[in-house]
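Protein chains: 2
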Amino acid sequence: MKIPSKHIENAVDQIASLPGIGRKTALRLVLNLLNRSQEEVHDFSEAFLTMKSNVKKCISCGNISDLEKCSICQDDKRDQTIICIVEDIRDVIAIEETQSYKGIYHVLNGIISPMDGIGPSDLNIQHLLERIPNSGVKEIIFALSATMEGDTTNFFLYKKLKEFDLEFSSLSRGVSIGSELQYADEVTLSRSIINRQPFEY
Amino acid sequence: MKIPSKHIENAVDQIASLPGIGRKTALRLVLNLLNRSQEEVHDFSEAFLTMKSNVKKCISCGNISDLEKCSICQDDKRDQTIICIVEDIRDVIAIEETQSYKGIYHVLNGIISPMDGIGPSDLNIQHLLERIPNSGVKEIIFALSATMEGDTTNFFLYKKLKEFDLEFSSLSRGVSIGSELQYADEVTLSRSIINRQPFEY
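So the sequences go chain by chain: S and Z. As numbered in my numbering, residues -15 to 185 make up the first sequence, in order. As numbered in my numbering, residues -15 to 185 make up the second sequence, in order.
Bound-form chain S, shown alone (with noise of 0.2 Å):
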């Protein structure tokens, strides 16, 4: 695709360097920037560098803040003696919106993945090895994907937090509501058997 602007180009190819993002669409978006007013196109670029200057971890935590510690770990209706330990921070967003849990959360920002280069040290572990001891921390939820990154990651982080006085969960796994037997894949569905709940009535 030869576009008749090198500014044109390098914005197209900016916007393609996000994540599946591909330069057709690209294109259009940039085109829709290009008809758009001096100003909002300052506020738009504006937005990201704010953001990148401003944003900081919660040194709890790890989730992102505009603070040093982020609204969660500062709220004192939380139940400081759980944490959740998801993957990211749109795990938190998600967890939040179900208004289903009072505990606390730690990021660890990524999952332990071989195939991708990602180790232990990459991520925030160590911070969470360093919170627990003389917290009051009771219980640990892990809230990793169900895959093979996210067995291992669990699996690593047991090995590592076993020694301390807790009590370790993680996210109940079977069919989802509202979706039909039939479609459930295999592993899912043998686990949701498995671990069978007592009937609600």
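I should point out that these hints are in silico values taken from the structure, not numbers from a laboratory. Among the clues, some could well be false.
Pairs involving identical chains hold if they fit within one copy or between any two copies, as the list cannot separate such chains.
Taking lysine-lysine and the DSSO-like style, the derived pairs with C-alpha atoms no more than 30 Å apart in a straight line are [said to hold, decoys possible]:
1. 86 to 144
2. 146 to -14
3. 40 to -14
4. 8 to 40
5. 8 to 53
6. -14 to 143
7. 8 to 61
8. 8 to 41
9. 144 to -10
10. 146 to 8
11. 53 to -14
12. -14 to 144
13. 146 to -10
14. -10 to 143
Once you've looked at the hints, dock chain Z against the given chain S.
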């Protein structure tokens, strides 16, 4: 979706203001940017400002250009007697990719669409009427979308241009190459029978 940082929220809002990008996708893209270095984020932001400040519209055809006149209008090897009228610069790029057209263009920058409040005066039409007299142009190709809006625009332009001594043509319509007959829509199939071509062998 509650995002625990107003700076990230702002960046997400900006990305989600682009057409076809929802807030979940926007968050994924913004977090990708957040994980880049300060310098990379700076380059990302700068690309849009530089583009907005430097990209011009060709004074002759309305195509985007880094100079006063676009590279196509400046090219002596192009046939300056044929003008292909298109809606958008993306159409110029698409036609250029085919390497089948050696004439020049006129970019309307939109299409007459009363539903969206776009009338002839919002488009690059006046300049088209001004560039034709004494230019040596002999043929006009209408290459707008095959929609009601496209047809309306073609008809409007034809009425304005018929006083000049010009030939008019439009893109041929028919069954796509490589696609099966049974999947072509009725109107296209009907048009491709009426406009059947001499068999080439």
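Right, here's what the structure says about each hint:
Proximity of residue 86 to residue 144 under the C-alpha cut-off of 30 Å is restricted to the intra-copy arrangement: shortest distance 25 Å within a copy versus 69 Å between copies. In this assembly of identical chains, residue 146 and residue -14 lie within 30 Å of each other by CA distance neither inside one copy nor across copies; the values are 58 Å within and 34 Å between. When the C-alpha separation of residue 40 and residue -14 is checked against a cutoff of 30 Å, the pair qualifies only between copies, where the shortest distance is 17 Å, while the shortest distance within a copy is 40 Å. For the homomeric pair residue 8 and residue 40, the shortest alpha-carbon distance between copies (21 Å) is at most 30 Å, but the shortest distance inside one copy (34 Å) is not.
Taking the closest pair of Cα atoms, residue 8 and residue 53 come within 30 Å of each other only across two copies (24 Å); inside a single copy the shortest separation is 41 Å, beyond that limit. In the homo-oligomer, the alpha carbons of residue -14 and residue 143 never lie at most 30 Å apart, since the shortest distance is 54 Å inside one protomer and 34 Å across protomers. Taking the shortest Cα distances, residue 8 and residue 61 sit within 30 Å of each other only across copies (28 Å), while inside one copy they are farther apart (48 Å). Taking identical chains as interchangeable, the C-alpha atoms of residue 8 and residue 41 lie at most 30 Å apart only when they sit on different chains, with a minimum of 20 Å there against 34 Å within one chain.
Taking the shortest alpha-carbon separations for residue 144 and residue -10, neither the intra-copy value of 52 Å nor the inter-copy value of 35 Å comes in at or below 30 Å. When the C-alpha separation of residue 146 and residue 8 is checked against a cutoff of 30 Å, the pair qualifies neither within a copy, at 51 Å, nor between copies, at 36 Å. In this assembly of identical chains, the alpha carbons of residue 53 and residue -14 lie at most 30 Å apart only when taken from different copies (17 Å versus 48 Å within one copy). Proximity of residue -14 and residue 144 under a CA criterion of 30 Å is satisfied in neither setting, with 54 Å inside one chain copy and 32 Å between copies.
Taking identical chains as interchangeable, the C-alpha atoms of residue 146 and residue -10 are never at most 30 Å apart, the minima being 57 Å within one chain and 37 Å between chains. Taking the closest pair of Cα atoms, residue -10 and residue 143 never come within 30 Å of each other, the shortest separation being 54 Å inside a single copy and 37 Å across copies.
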